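A.B. asks: The chain contents come next:
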Amino acid sequence: MNSPVVPQSANDARAALHETLQRQRRSARWHALEYLFWCLPVLAYFLFPGNYLLLSQIAITSLFALSLDLIFGYAGIISLGHAAFFGVGAYTVGLLGLRGMGDPLTGLLLAALFAAVLGFLSSFLVLRGSDLARLMVTLGVALMLYELANKFTRITGGVDGIPGIEIKPILGLFEFDMYGRVGYVYAVVVLFVLFWIARRIVHSPFGQSLRGIQMNAQRMPALGVPVHRRLVAVYTLGAAYAGVAGAVLAQTNQFVSLSVLGFENSADLLLILILGGTGRLYGGLIGAIVFIVAKHLLSDINPQYWQFWLGLALVLLVMFARGGILGTAAQWLRARRQRTQQRSQEGAA
Amino acid sequence: MTIIFDGIAFGMLLFLISVGLSVTLGLMNFVNLAHGVFAMVGGYVCVVLLNDWGLPFLATIPFAIVVPGVLGVVLERLLYRRLYEASALDQVLFSLGLVFMAVAATHYFFGARQQPLHLPDFLTGQIHLPGVDIGVYRLFLVVAGLIVAALLQWSVIRTPFGARLRAAVDNQGTARGLGIDVNRVFMLTFALGSALAGLGGALGVEMLGLDPEFPVKYLVYFLIVVTVGGGGNILGSLWAALLLGVADVAGKYYVPQVGAFIIYAIMVVILILRPQGLFGRPHH
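Top line first, the protein sequences correspond to chains A and B.
Sequential numbering from 1 applies to the first sequence in the working numbering.
Sequential numbering from 1001 applies to the second sequence in the working numbering.
Heads up, a few of these hints could be off.
[Claimed, not checked] Capping the alpha-carbon separation at 20 Å, the derived lysine to aspartate or glutamate pairs in EDC-like fashion look like this: (1) B/K1217 x A/E147; (2) B/K1252 x A/E147; (3) B/K1252 x B/D1181; (4) B/K1217 x A/E264; (5) B/K1252 x B/D1133; (6) A/K151 x A/D300; (7) B/K1217 x B/E1206; (8) A/K295 x A/E346; (9) A/K168 x A/D103; (10) A/K295 x B/E1206.
[Unchecked claim] Here are some chain A residues pointing at chain B (derived, C-beta under 10 Å): (11) I78; (12) V117; (13) F120; (14) L121; (15) F124; (16) Y146; (17) K168; (18) E264; (19) A267; (20) Q307; (21) A313; (22) I325.
Hints were generated in silico from the structure; no laboratory data involved.
None of the values given here were measured: they were computed from a predicted structure.
Note that the Cβ used here is the ideal one computed from N, Cα and C, for glycine as well.
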């Protein structure tokens, strides 16, 4: 990462800075594979017309996993309670819908806002202490919300949730239909826009400073980076993203239930992100695809015991493939490239 | 008074199950979210021996201790020991994986229903004292908890094994240099933690219920006891468990609207004030 040039003079320093910025700009440019990747949701629209609900679920979970990647993959804040923000987003839309304020985009904005406020406030609790204390505090915050939603039945519907939320047409033009077609397109568009923004953020100086904090939080203040403030900012941002994901779920399903706040929602999410690979933005997306498709197929075969295979996958993952799908793939590619290089060198010699 | 006593009994039960986790998580620094699985195994062993084999309740307890203990040894040898050096996150994911597998497997073998347990006559009934009604079963839990706490405290502080364990935890390298078989100490410790969980699971069937979701349902309680008490500290776990038990029971009695909210709030507040837990020492 570090530039090998040790600046001797102002000119050298400027050249080094220029080079670093160039490199950063290059890595920020879209890769051909990325264009291909984003053809997938479009293809899926035509290939699996009967599965729009499943497909939107993948898109929503992708967005949710992306939000966790921002705080965990880029800032290293470990969380077992990310469902809190997802739930806040979902309930925001649900409660607005009950009061006849079902405009989808307003819903998204307000969901992002409320989740961000909660994220901002809880970030001060979460950023204290060791990894274990963090796990417990994030878990605790999520569980407190769960209990509140469970007990204040008059507002949240308790265990029954809020069914039949009325959502108005998007921009007054596109009405959510029974087959979930509009819902799917909507979920993918929201995912893409937020992904694009996240990508910009990650490649900005702000994103770079997060990586620096993750690598060595002690040294970053020496570079003039306000570590704590950066972490608060990214935690708030991740919360807002999760809130939007929850909002889209509530809008496309027109239903909110307690499970959005549940521990299993957080645990599954962490698993999805790790499965795909952290700190790569696409990890969460690929994890979501694999996880939901696998869940769908496995529960078709054997609806009650799919969790067993999930658990087994998790154990094997930790034992043998710690980087997740993308990390392992990258490792494999690197090893292969080295091997071919070696071979060509041997051939030359 | 009755509420306080019930709270103490519930706390003792929490202590019985979580103290094993306090040993593995607090002393060995392994974030073992699968701890409840061992408690569940103890519970099922007890129920199966009692209902299907007709053993008396007390006679099932040794099995409920030994089976999870042996299971602990096997899993430690095969899997856990490879992850002692891994990050907290890897340990979390790995043990969550075990939880998922255990829940599904239990579901497969025993079904989703609650397992019934009929306590023997001498454990049912109540003692009426002025101002307080004491359930015999709850009294039994309190006594069992106190005995376990005393035994554990004694064995960690006074016995050679305890000394080896403390040495191995404080400084593995030096402990090895002194000829302590650290691997063996850790294995035995893990077995002890699992066995204790099994004991708690078996004793707690009446109060906590028993179904395949058990490890998930109570996971948070065990974790709270350990983190609030300060890991690796037996008396700390005891105090934390009693505090949480009383707060939980009292909260559910006086303000049922908020339910378990109170103990989560207590945990978060304590962790904010003291990230190492109430009685924990700062990590080195």
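A.B. asks: Each of the hints needs a verdict: does it hold here or not?
C.D. replies: Evaluation of the provided hints:
Taking the CA atoms of B/K1217 and A/E147, the gap is about 13 Å. The hint holds against a cut of 20 Å. The hinted pair formed by B/K1252 and A/E147 meets the criterion: a straight-line CA distance of about 12 Å does not exceed 20 Å. Taking the CA atoms of B/K1252 and B/D1181, the gap is near 47 Å; set against the 20 Å cutoff, the hint is violated. At most 20 Å may separate the alpha-carbon atoms for a hinted pair to count; B/K1217 and A/E264 meet this at roughly 11 Å.
Using a Cα cut-off of 20 Å, the hinted pair B/K1252 and B/D1133 holds, with the two alpha carbons roughly 18 Å apart. Taken as a hint, the A/K151 and A/D300 pair is broken in the structure, with Cα atoms around 34 Å apart against an allowance of 20 Å. Taking the CA atoms of B/K1217 and B/E1206, the gap is about 15 Å. The hint holds against a cut of 20 Å. For the given pair, A/K295 sits about 46 Å from A/E346 by alpha-carbon distance, which is inconsistent with the 20 Å threshold.
For the hint linking A/K168 to A/D103, the alpha-carbon distance of about 5 Å falls within 20 Å, and the restraint holds. Distance restraint check for A/K295 and B/E1206: the Cα-Cα separation of roughly 34 Å exceeds the 20 Å cut-off, and the hinted pair is therefore not satisfied. Because the beta carbon of A/I78 sits about 6 Å from the nearest beta carbon in chain B, less than 10 Å, this interface hint is met. Contact between A/V117 and chain B, as hinted, is not supported at the beta carbon level, the nearest pair being about 18 Å apart and thus beyond 10 Å.
Because the closest C-beta pair between A/F120 and chain B is about 16 Å apart, greater than 10 Å, the hint is violated. A least Cβ separation of about 12 Å between A/L121 and chain B goes past the 10 Å threshold, and the interface hint is therefore violated. Proximity of A/F124 to chain B holds as hinted, the smallest CB-CB distance being about 9 Å (cut-off 10 Å). Because the smallest distance between the Cβ of A/Y146 and any Cβ of chain B comes to about 9 Å, under 10 Å, the interface hint for this residue holds.
The restraint placing A/K168 at the interface with chain B is violated, with a minimum CB-CB distance near 34 Å, outside the 10 Å limit. Contact between A/E264 and chain B, as hinted, is supported at the beta carbon level, the nearest pair being about 7 Å apart and thus within 10 Å. At its closest, the beta carbon of A/A267 sits 6 Å from a beta carbon of chain B; the interface hint therefore holds under the 10 Å criterion. Look at A/Q307: its Cβ gets to within about 4 Å of chain B, closer than 10 Å, so that hint holds up.
About 7 Å separates the beta-carbon of A/A313 from the nearest beta-carbon of chain B, less than 10 Å, and the hint is met. Hint status for A/I325: violated, given a least beta-carbon distance of 14 Å to chain B, over 10 Å.
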